[in-house]
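Asks: Based on these hints, arrange chains B, C, D and E on the given structure of chain A.
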Amino acid sequence: MSRMMKKRSAKAGLPPGSLVYVGEARTTASRITVMDYTADAVRETALQDTSQCGQFESADSVTWMNIDELSEPGIVAGLGAALHFHPLMQEDILNTDQRTKLEDHGDHLYIALKMLDWDGKRDAMDVEQLSLVLGANYVLSFQERAGDFFDPLRVRIRQNAGRVRKLGPDYLAYCLLDLTLDHYFIVLEKLGERIERVEDAVMTRPRPQTLSEIHALKRELVYMRKAVWPVKEVITSLRHLKSPLVSSAMQPFLRDLQDHIEQVIDGVTTYQTLLADTLATYLSTQSNRTNTIMKVLAVFSAVFMPLTFITGIFGMNFRNMPPLEWEWGFHVTVVGMLVMGGLLAAYFVRKRWV
Amino acid sequence: MSRMMKKRSAKAGLPPGSLVYVGEARTTASRITVMDYTADAVRETALQDTSQCGQFESADSVTWMNIDELSEPGIVAGLGAALHFHPLMQEDILNTDQRTKLEDHGDHLYIALKMLDWDGKRDAMDVEQLSLVLGANYVLSFQERAGDFFDPLRVRIRQNAGRVRKLGPDYLAYCLLDLTLDHYFIVLEKLGERIERVEDAVMTRPRPQTLSEIHALKRELVYMRKAVWPVKEVITSLRHLKSPLVSSAMQPFLRDLQDHIEQVIDGVTTYQTLLADTLATYLSTQSNRTNTIMKVLAVFSAVFMPLTFITGIFGMNFRNMPPLEWEWGFHVTVVGMLVMGGLLAAYFVRKRWV
Amino acid sequence: MSRMMKKRSAKAGLPPGSLVYVGEARTTASRITVMDYTADAVRETALQDTSQCGQFESADSVTWMNIDELSEPGIVAGLGAALHFHPLMQEDILNTDQRTKLEDHGDHLYIALKMLDWDGKRDAMDVEQLSLVLGANYVLSFQERAGDFFDPLRVRIRQNAGRVRKLGPDYLAYCLLDLTLDHYFIVLEKLGERIERVEDAVMTRPRPQTLSEIHALKRELVYMRKAVWPVKEVITSLRHLKSPLVSSAMQPFLRDLQDHIEQVIDGVTTYQTLLADTLATYLSTQSNRTNTIMKVLAVFSAVFMPLTFITGIFGMNFRNMPPLEWEWGFHVTVVGMLVMGGLLAAYFVRKRWV
Amino acid sequence: MSRMMKKRSAKAGLPPGSLVYVGEARTTASRITVMDYTADAVRETALQDTSQCGQFESADSVTWMNIDELSEPGIVAGLGAALHFHPLMQEDILNTDQRTKLEDHGDHLYIALKMLDWDGKRDAMDVEQLSLVLGANYVLSFQERAGDFFDPLRVRIRQNAGRVRKLGPDYLAYCLLDLTLDHYFIVLEKLGERIERVEDAVMTRPRPQTLSEIHALKRELVYMRKAVWPVKEVITSLRHLKSPLVSSAMQPFLRDLQDHIEQVIDGVTTYQTLLADTLATYLSTQSNRTNTIMKVLAVFSAVFMPLTFITGIFGMNFRNMPPLEWEWGFHVTVVGMLVMGGLLAAYFVRKRWV
Amino acid sequence: MSRMMKKRSAKAGLPPGSLVYVGEARTTASRITVMDYTADAVRETALQDTSQCGQFESADSVTWMNIDELSEPGIVAGLGAALHFHPLMQEDILNTDQRTKLEDHGDHLYIALKMLDWDGKRDAMDVEQLSLVLGANYVLSFQERAGDFFDPLRVRIRQNAGRVRKLGPDYLAYCLLDLTLDHYFIVLEKLGERIERVEDAVMTRPRPQTLSEIHALKRELVYMRKAVWPVKEVITSLRHLKSPLVSSAMQPFLRDLQDHIEQVIDGVTTYQTLLADTLATYLSTQSNRTNTIMKVLAVFSAVFMPLTFITGIFGMNFRNMPPLEWEWGFHVTVVGMLVMGGLLAAYFVRKRWV
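First to last, the protein sequences are chains A, B, C, D and E.
Per our numbering: the first sequence = residues 4 to 357.
Per our numbering: the second sequence = residues 4 to 357.
Per our numbering: the third sequence = residues 4 to 357.
Per our numbering: the fourth sequence = residues 4 to 357.
Per our numbering: the fifth sequence = residues 4 to 357.
Same shape as in the complex, but just chain A:
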């Protein structure tokens, strides 16, 4: 959390609209890949700078520009100048700690949301900022890191599979959102597997590490909820938006997206409930075990303290101790102590302490 916020303070005092990249430092340069397609043809190019961007604006084709390894204010400024973006919007694109939101700027829409991915190595969730700009005949996508999130869509465009080549940029933007939401499900499943493992562990062999794992998972879910929750509002706004950029034919697709995001949120909520319950189970199991330990301790003390006291009595060195002289004193005492210990033990067994 604080990590995400660290650089923010660097902007304090600057005039509003100053372009500063807020995010992890990048060593690799930003990359611009362009797909330009109609129902009939596709053209893919990679741009070095933003000088040629303007040409896509008035074309008949649909243009998808994907910028990843985002870190250079220059690219955003160049695109912004070519496509007439508001300075505050340019600032938002560079600020990768942006809130999930939808802004209608008349001739283009700006959508900011989080991409979630599962990092198999760390067995944990990766969070990345995704900025989408939907214009009359283009879609821009800004990613924090390079990734293969959108590769299935590229294949579909190249192979003219599904509807994507036949429909406009709004459908393209929908596909990008749909892919992003698909990964929410993947992350949720992975978290679900870890949660199942920790539930099993609590039931069968609870250990201190189990506790750390529960708390780590709770935290992951807090982050996921934070990333996922506001997406619902974005999609609802998108459905009810009066904008020529989103055609009415998109309604069923957007309704489907809304279903998906609600299902993800339901899943997160259910997992949070389950984890809270798992933690409660762990703690009450713990309390059960403390009880068991206390009983063992109490039983041992209650059985052996009186017996040891008795041996203490007959271990005293008084000159005149008649019992010590009795012929069978020792035998009677030992047997008596065994009987007494047995009775005490039986009493505790009966009270179900052992």
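For the record, the hints were derived by calculation from the structure and aren't laboratory data.
A hint or two may mislead.
Said to hold, decoys possible - Keeping only pairs whose Cα atoms sit at most 20 Å apart, straight-line, the calculated SDA-like set for lysine to any residue is:
hint: 1; chain 1: E; residue 1: Lys229; chain 2: D; residue 2: Glu265
hint: 2; chain 1: B; residue 1: Lys104; chain 2: A; residue 2: Asp100
hint: 3; chain 1: C; residue 1: Lys354; chain 2: D; residue 2: Thr295
hint: 4; chain 1: E; residue 1: Lys193; chain 2: A; residue 2: Asp269
Replies: Showing chains B, C, D and E alone in chain A's frame:
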């Protein structure tokens, strides 16, 4: 939870509208049974494929097609083609991890909800997906598994009992929903019985297993709430729907359904409150018992430690220990220790520690 | 809770509108008592069956029919036929596990709510179903059990006290609701007395039974809240109802009812807060006492263990143990141990452990 | 709580509108003091009965009648008759367990709320019912007890300080409400002082009494919240009221009142959060201390039990015990035990147990 | 909290609108600094009193008057008289315990909110009241203390950097709010660092001080939430305000402010969740450690109590104790005890108690 979500990720990256069956693998083939009735006659058939489905569309009779053991995309695709279903809706029918919802597609309504049943063997709840499609003169019901849920309704149709034969497909769909909600009550009662048993156990003989049972019941209620809660919204939407498919004569029946679902939700809420309270009782009882055990331990220690110390004193082997020489030293010491032990015990009895 | 729901499953699968009595089995027959009054006269009769009911419908007088020990579907069916009740409404009257609600059927209103009474013997709350039907010139009241709830009103009608004889059936229905709400206050007061007793007990002499009592009271309040909460909505609906059956002159009276029910709900809420707090107090007191016990145990152990160890040293039987030979060894050792014990005790006193 | 409700049940069964005083029994008679003022003059009188009340109704001056030690139904009935109050409103004035509310009766407004005062002797909060009636040219205030709450206002009226003499009865009513809210702040500050003391105590020297104090304060805040919360709604209603009795010039004053009451509610909420936190701190400190005690106990046991066992070995009386014969057996054993005890102690020091 | 409220009671009973400074006593005099600028020129002056204030009202330039070390009612009264402020608004400016709010007074807007700053010395948060008045061509800012909060803005105005010189007083007010919100982020980051440190401490080396730190941080967040939460409403109101004082060109800037404040609130919420979780982790870790301690205690007791009892048996002084005479009695006994101790220890190792 994660079980329900497992296969979802298999769809990530596919174009929207791809028909993939999401659910447990089935070995048995899907079964289509058709009841075709008017006020005067009933005709029952079992179909092998969907080629003859179109014929029911324009008939005067009401047609109820029930598909169970749903797993073949082909059947849904066939029905969808014959009855003009939107591809996303076909995808939803096959996705048995669907959210409960109502969709108005103009010439048909799509309702997805969960069927709950009590599995007597596992003494636990079964969850199954039910998809209903209500058209102008037909109702389709898609079930995940074969079952006898709807048999009472079949009997009523065959015997012309109640109103079902006299009224249209909207009443038929209402009857299916009503039967589904009747099973919610049954599941709730069964859970109620288990909750009563666990409450008794907490009051009379709490054991570690009681704790597991409470947590298992809490989880069942979480699942039930998740399944039941959104049904309320579906029924409310149904009541306020402006659609020629739902006649105004249905209003009192839908109001009745709404009453039922609210009663089920009230029941779930009350049970959740009671269970939370039962858990709190268990834990505070536990804490009471730890207290009792601690007291026993403390009393034994406090009584016997000083006494054993005294025996230790007179068990030392100093050459010059005058008390050991006293004629009645032993007797005085023993009596003194008994008195001292008695006083300590009396003190603890008075402080209500024993 | 589960008790209330038990018989519900007996109805699963029956056609909607089937008349089945859902409630405790009754041995006594239902009783119909009729009060028929104008401003000038009162006539009281007891009916055996419902054949004469129709005659009251068109009379000028106000007719109050009270049916108690409700269990015979025949009576409800007869009244329903005579007064044109919807079958689902007849089903609701017989289903004594009904949700609190208000239904406007045009020429009559149907109100279902819970009557609460205090059972002095069990020192607990009784819940009973009350169904009211308000028509143009009649009021029907269906009670689950025979009782003296409404006797004060009967007396007022007979003696022409207050406004009841001068006003119409809507005022009569209001009086019945007012009496029902008066009993909510009584039940609340009785619960309040039990809560005060348990609060005192927690402060002065907490015992395991106190815990059971707290949990029992929490449960009573859960039930009471469940019964009382939806009544607020019924009264609000009644106030805003556009129906000729409720004259505008009733507004101040209904506002008064609304005040009362809100006060009852406030009371329940406050008691729930207090009880939760009382439980927290009990548990933290418990934890305080465990602490105290632990301290006693620790102090005894810490004082006597080292001393006993010392006696153990001088109780060893080595041949060559110079200290044993010293003239004042015993005396020095005993004094030393006393000093040491005193110092340890003083240390713990200073750390406020005793 | 239950104290406030006690007498309520005495009214059960009475016809609505019956005038019964509900509150603590009074030994002193009700007192009526009248201030009658214009911008130019003030006249103060004390009335014995209500026969002269009517004369104020049509006067040009503003009349403030304050009735305290309210207990005689006769006074309320007399005033009610003279000023045309609805019977249910008269009943409300006498019922000092009334809900905070605002009622618009056309030619007068009725406001019921709680006055809070700090009882320095009990170091606790006093709650009292205040009923205000605002008419065209009069304000009535009914207090449960005699008090000096409104004295600063009387002085201002006599001395013609501030605006009160220049403005109408609505400003007078506002001044009364403002004074009442001023006392909410005083009570809040006094509670704040007690909360600060208890927070200090928890941090520096927690004791069992601290726990009782926390719980007592929690309860006070519950009562205060219950009294204060609905006042917000009353003031909001007052601001949006369409009534000739409240002139539009009152808007800034009412907005100010609203600010004040929201600040009081904020304060109560913050204190509740702080107290909950203080309780949590107390309990976790407690748990810390139990831990410390346990460690002391465990360390003493772990160090001295093995040592005492060793002394026990060499204290046995076997005839053939070679170690006892060794020349330096005793010295080696004692030194060995000291080393062993030291090592064990060092181990626990290292594990930070002591 | 109570500190902020202390002086409030001093105002109880005073007529509404009385000007009393409520806040910490100040030793330094209030300071008035004026910046008067157009797109072309800037003039900076420092005023001693308010007599010259009126001259700025009708000028063409934008005037920013900053009053810090606010404590003299005279200044507020002077400015209020010159600029026609409502007496209640003047009272609010002086009352530095004011609620965050926005008031539209027609020809000027009044905004009250909290400035937060990080006090590096105390490593804690400073809270200060900021009052803004936005008029047609002036902005007044009232600060409780002197500070360098607004210095970056002064530099921008002097150097004509950014848009501030080109736009009107509404943009100036926006810049002041923006700077205030920038400091919210700084405070949040600082708190975030402390939270991270405490999280590390809980995971690696929990100590009693960790607990105090968690509770201190929880309290800081409660205060921060209280300060920050209502700012959201102020900004929302500002966006939807119909006032000529806020031009429509301000909309994107206000939307940006709204984003920022929502991000701050999100951050506070997330930190509160994390802290609650950290506390839960600490407490459950604690409970784990108590368990471990108990186990050590129980194992030592369970192993050594029986052994010590055995040594006690053979330490008794009965004359006739045959085992003592056996040749290898001692050796057998010692070996037997070692075996027995080993078995007990092995048993506990197997049960994972050590």
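Asks: All the hints need checking, so say for each whether the structure fits it.
Replies: Results for each hint:
1. Lys229(E) / Glu265(D): Roughly 12 Å between the alpha carbons, so the hint for lysine 229(E) and glutamate 265(D) holds.
2. Lys104(B) / Asp100(A): Violated, at about 34 Å.
3. Lys354(C) / Thr295(D): Since the Cα atoms of lysine 354(C) and threonine 295(D) sit roughly 12 Å apart, the hinted pair holds (cutoff 20 Å).
4. Lys193(E) / Asp269(A): violated, 34 Å
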